Amino acid sequence: MHRRMEWIYAWLLLTPALILLFAFTHYPAVTTFWASFFSTPRGRREAEFVGLENYVTLLEDETFWQVLVNNAWYAGITIPVSIALALIMALWVDGKLRGRSFIRMAYFAPTVLPLIAVANIWMFFYTPGFGLIDQVRGLFGLGEVNWLGDPDLALGSVIVVAIWKEAGFFMIFYLAALQSIPPSLREAADIEGASRWTYFRRIVFPLLMPTTLFVSINAVINSFRLVDHIFVMTNGGPDNASSLLLFYIYETAFQYWETAYASTLTVVLLLLLSLLAIGQFFFFDRKVHYR
Amino acid sequence: MKGVGIEVRALTKRWEETTAVDAVSFSASAGQFTVLLGPSGCGKSTTLRLIAGLEEASSGQILIDGDDVTRQPPNKRKISMVFQSYALFPHLSVAENILFGLKVRRVPAREQSDRLEKTAALLGLSDLLKRRPSQLSGGQQQRVALGRAIIAEKPICLMDEPLSNLDAKLRHEMRIELRALQQKLGLTMVYVTHDQAEAISMADKIIVLNGGRVEQAATPRALYETPASLFAARFIGTPPMNLLRLARQDGGWMIAGDAAPFAKQFEGPLPDELYFGVRPEDLSLAGEGGVPAVVEAVEYLGADNMIDCRIGTERLTARLPHHFKITPGETIRLTWAPGAAHLFNALTEERLEEASRLLARSAGPPRDETRELSAPPASAAQGPR
Ligand SMILES: Nc1ncnc2c1ncn2[C@@H]1O[C@H](COP(=O)(O)OP(=O)(O)OP(=O)(O)O)[C@@H](O)[C@H]1O
Ligand SMILES: [Mg+2]
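Protein chains in written order, with UniProt numbering: chain A, 1 to 291; chain B, 1 to 385.
You may find that some hints are simply not true.
[Said to hold, decoys possible] DEER-style ranges, computed between Cβ atoms:
(1) B:L170 to A:D285: 32 to 40 Å
(2) B:L170 to A:A23: 34 to 42 Å
(3) B:E7 to A:A106: 45 to 53 Å
(4) B:E7 to A:P210: 19 to 27 Å
(5) A:L14 to B:E111: 23 to 31 Å
(6) A:F284 to B:A30: 46 to 54 Å
(7) B:K76 to A:G143: 53 to 61 Å
[Stated by the list, open to error] Just some of the chain A residues that point at chain B, by a computed CB distance under 8 Å:
(8) E62
(9) P128
(10) G129
(11) L185
(12) E187
(13) A188
(14) D190
(15) I191
(16) A194
Because the hints were derived from the structure by calculation, they are not lab data.
Remember, predicted model here, so these are calculated numbers, not experimental data.
By construction, the Cβ of each residue, glycine as well, lies at the ideal position given by its N, Cα and C atoms.
From just these sequences and the hints, can you work out the full model?
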């Protein structure tokens, strides 16, 4: 009897969250999956079941493949570079500036700013001729560069902004983790004559593993999710050179109104993300020591 | 790894406005167990960390085995250290924790495993080598920290309150083990504690620190029998020594607030106030004579009773065998053995060695005649409460 009551309470407490979760996450996900097997409804024409036709289109869609390759580069560079940068900055700040919150705040600033604002700042850096970068280049007698307009440079320029934004965010997590390592561990290592590098490699780095796992999962998700700055800076161009999967989904759905095909692309994105997340857990599981 | 000696000369450590260690000098002889003892915040840990090289001295010198190591890094100082928090590496197994230093120094693998085996056997850790520190009890963690220190085979071992996280029973066992281990290995041990019982039971020599300065450096026995200052007298012993204020009165001395002369004049230049010290366990009931004291409270401890009493305005505690039936309000007559009396200068707080000896010899427990001259019948003067 008593147990029954507890169950009822539990369900009552869970219900609001469950309703929201189902209404806004699970139900749309399932309908998206469902929609990917139908044609796009146009005017009076209803959506028809077309089986795997959308998926065949996808395989033959050159833009899709280009966007996927772009995204692979985007992820492949932003993830390791922003994590490495975050770790290096955290180590530096932790060692030299223990307790100086202002400096930490300065590092954190890119994270507080919305990505759109960050993109605007960087637009100023990148502007050909007038931009900060070109002005500095001018001092050395170097010519103008159209950072965002050149198909070879656009993706790289967008990647730099993402790294700039992400590294500060991840640094905060590393900093918190570093500050939770008792200083006596460093002292114990000093007494044994361990070098700074040995101490980092054998003690600090392994102790940071849970943070690295957390940060890298975030980084993976962000590498598919963070596309706001593309709207401001390049709009995917030139010629899809800086377009990413999510941006392409947006274009397909809300500019070309190919909702069925956009659903198909979304299913692919979800699939990719789940595979990556599962892979990461397995990869890290053996290497992470949770305290 | 026979121990080597440490000498500390006028060592000082200052942070902006605090002076944690103030011109501290002492020596720790080779193969001896030296304890740094003092209340919280007196600079024990700082002194130890200065010896270890984890803090940089503001001034002064540290000599280890005759060499000046004041500016040397920790690993050049022939020391190993056990931290209060143990500082075990949480992600490494017991074996890896113990071997950490040997690996850093690239000791050959064969030798590593031999030494690990020996150390683990010595500390009873052989079955725990694969565990992580979080899977060990406090006492076991303590042993691992100890193992990491002794496998290094350094001649000096420094310990900062290594037993403070253990329960009373385990602490007692580890005290005995540590002492035995130190003697077996012939280590020079410098051991920090704020627990005077721990210090007395383990040390060859105790350095009493107070406010960053050395109050006294002596063997446990000397510290107990002839405390060099009021501070040392108060700090050693449970309960600590009774200290009663003596005031000068017509060419003699009397206990503050008491009506009866206590002792004759001592020779030498003395201030107007002295402290008379006697340990609770040195007090006994006088058959005849003695100093009358009013009993205020009786605490029953089994074999002994702690009797809190008052003489004049001064309070004192006597430790008396339980078969004396004593009740609060009663007046008892206290006496003590010659040699159990201590006198301190109330201004400088230093021990008055000469006067203490005189007091022991002549005045002692004051003789009846002197007392009878002016003392009203004690029981009438102070009624029961
Ligand atoms: N890093 C520091 N910066 C400033 N002051 C410090 C620092 N470390 C210690 N102190 C001060 O130095 C004094 C001595 O500290 P220390 O840690 O040596 O005391 P302790 O005798 O070990 O005390 P405890 O028994 O509480 O461990 C204290 O007043 C402390 O506040
Ligand atoms: Mg301390």
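Hints versus structure:
| no. | hint | in the structure |
| --- | --- | --- |
| 1 | B:L170 to A:D285: 32 to 40 Å | holds (36 Å) |
| 2 | B:L170 to A:A23: 34 to 42 Å | violated (58 Å) |
| 3 | B:E7 to A:A106: 45 to 53 Å | holds (48 Å) |
| 4 | B:E7 to A:P210: 19 to 27 Å | violated (46 Å) |
| 5 | A:L14 to B:E111: 23 to 31 Å | violated (60 Å) |
| 6 | A:F284 to B:A30: 46 to 54 Å | holds (50 Å) |
| 7 | B:K76 to A:G143: 53 to 61 Å | holds (56 Å) |
| 8 | E62 | violated (48 Å) |
| 9 | P128 | violated (50 Å) |
| 10 | G129 | violated (52 Å) |
| 11 | L185 | holds (6 Å) |
| 12 | E187 | holds (5 Å) |
| 13 | A188 | holds (4 Å) |
| 14 | D190 | holds (5 Å) |
| 15 | I191 | holds (5 Å) |
| 16 | A194 | holds (5 Å) |
Of the numbered hints stated above, those contradicted by the structure are hints 2, 4, 5, 8, 9, 10, listed in ascending order.
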